[in-house]
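**Q** Here are the chains, one letter per residue:
Number of protein chains: 2
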Amino acid sequence: MVVKVYGPDYACPKRVIVCLIEKEIEFETVHVDGFKGEHKEPEYLKLQPFGLLPVIQDGDYILYESRAILRYYAEKYKNQGTDLYGKTIEERGVVEQWLEVEAHNFNPPVYNLVINILVYPLAGLPSDPKVIEESKEKLGKVLDIYEERLSKTKYLAGDFFSLADLSHLPFGHYLLNSMGIENLVRERKHVSAWWDDISNRPSWKKVLELYKFPM
Amino acid sequence: MVVKVYGPDYACPKRVIVCLIEKEIEFETVHVDGFKGEHKEPEYLKLQPFGLLPVIQDGDYILYESRAILRYYAEKYKNQGTDLYGKTIEERGVVEQWLEVEAHNFNPPVYNLVINILVYPLAGLPSDPKVIEESKEKLGKVLDIYEERLSKTKYLAGDFFSLADLSHLPFGHYLLNSMGIENLVRERKHVSAWWDDISNRPSWKKVLELYKFPM
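So the sequence lines, in the order shown, correspond to chains F and R. Residue 140 in this note's numbering sits at position 140 of the first sequence; the count goes up by one each step and never skips. Residue 193 in this note's numbering sits at position 193 of the second sequence; the count goes up by one each step and never skips.
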């Protein structure tokens, strides 16, 4: 059964797609135009009642929340493609820890920066310089902890690439390429090397080749 | 090995403790006084570099982020105590989905309400009535979707109690008991019945008996 992924132009669906490529799972994508509000239309809300991207359809099975989808496929196809959960339950626990850190510590300031530096200007809305400064400061402190961690292990959860690293790719891409603040990463030697490593994986290059970011 | 849980008076560590009780895992707690800033002291930061609660120590194994700890123990002791992940990989995927919904849709508005209605007044800081109103409105829309879901299944992930329900307990407790806004739940028949069901589990009653909320 081919997995259908909705909204491939946006960041959170790309998190799912790069995982499907790593796991060698066949998929197809369904375009959803967020700027036209297609994710708030009744047909879409039947699949994802919160009106958020992505959602996947795998036969009769429907699942949303990008990081839940990552976990589902990493577990279901544990022995196919890249093992993204580590070898032991203890390694998997550490993968879960850093996946939560990505969601709760890394993503919120980067998201605020994306909204204020990229999205608002595009929509003709004013950016909030105070939010931008505070988010840069918060992110800097988070990346200091990443720097310390990545000075000891090659990847976040240990010496193996995992869901925890993979989950940083879409918003990391904005951070490094579109906002003029890549110094936040480049000033930190180990974070910078880690980013070059994970963003040069064939899976992520394939995602960027197949699906453009809308900005 | 007895699991050590840091910071049992606070909400996120309670999420871990109720899980340990459900899984029949022996634990002890270490008091951390957040009002004195003990979670920002160097000894604590060695365990949890972001200075957040909780962290657990299980022999040499140290893990933080409450929902990562839930997942670790639900997996490690799959066949001990309450099964919190469902029977199949597909059920587990839906547990993951609603655990993410709790983290990203339910928790943020409730957290803002707790901060503005309970914490700021206690700290002598001004609350923001606009944030309170916006958070109530956001939460109401989220609970409308819960109401729809819970009209079809007894619990969030299906007809079995899971990590997804359990994870709502600590902030749900604030919402229902300390803020004068329990109508948000009580006006929704199925959400209200669901709350009564999960909050009357012996595990959660035990948590409330053992560890007071600081407010």
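A hint or two may mislead.
[Unchecked claim] Distance condition first, Cα-Cα at most 35 Å in a straight line; then the derived DSBU-like pairs of lysine-lysine:
1) F:Lys-152 <-> R:Lys-46
2) R:Lys-76 <-> F:Lys-152
3) R:Lys-130 <-> F:Lys-40
4) R:Lys-76 <-> F:Lys-130
5) R:Lys-78 <-> F:Lys-78
[Claimed, not checked] Here are a few chain R residues that sit away from chain F, every Cβ distance over 12 Å (derived from the structure):
6) Gly-37
7) His-104
8) Glu-134
If you are wondering where the hints come from, they were derived from the structure by calculation, not from laboratory data. None of these values were measured; they are calculated from a predicted model. All C-beta atoms, glycine included, are put in the ideal place defined by N, C-alpha and C.
**Q** Now, for every hint given, state plainly whether the structure supports it.
**A** Going down the list of hints, with the structure as the test:
1. F:Lys-152 <-> R:Lys-46: Holds, at about 14 Å.
2. R:Lys-76 <-> F:Lys-152: holds, 26 Å
3. R:Lys-130 <-> F:Lys-40: Roughly 25 Å separates the two Cα atoms, so the pair holds.
4. R:Lys-76 <-> F:Lys-130: The hint is violated at about 44 Å.
5. R:Lys-78 <-> F:Lys-78: Roughly 17 Å between the alpha carbons, so the hint for R:Lys-78 and F:Lys-78 holds.
6. Gly-37: holds, 16 Å
7. His-104: violated, 7 Å
8. Glu-134: holds, 16 Å
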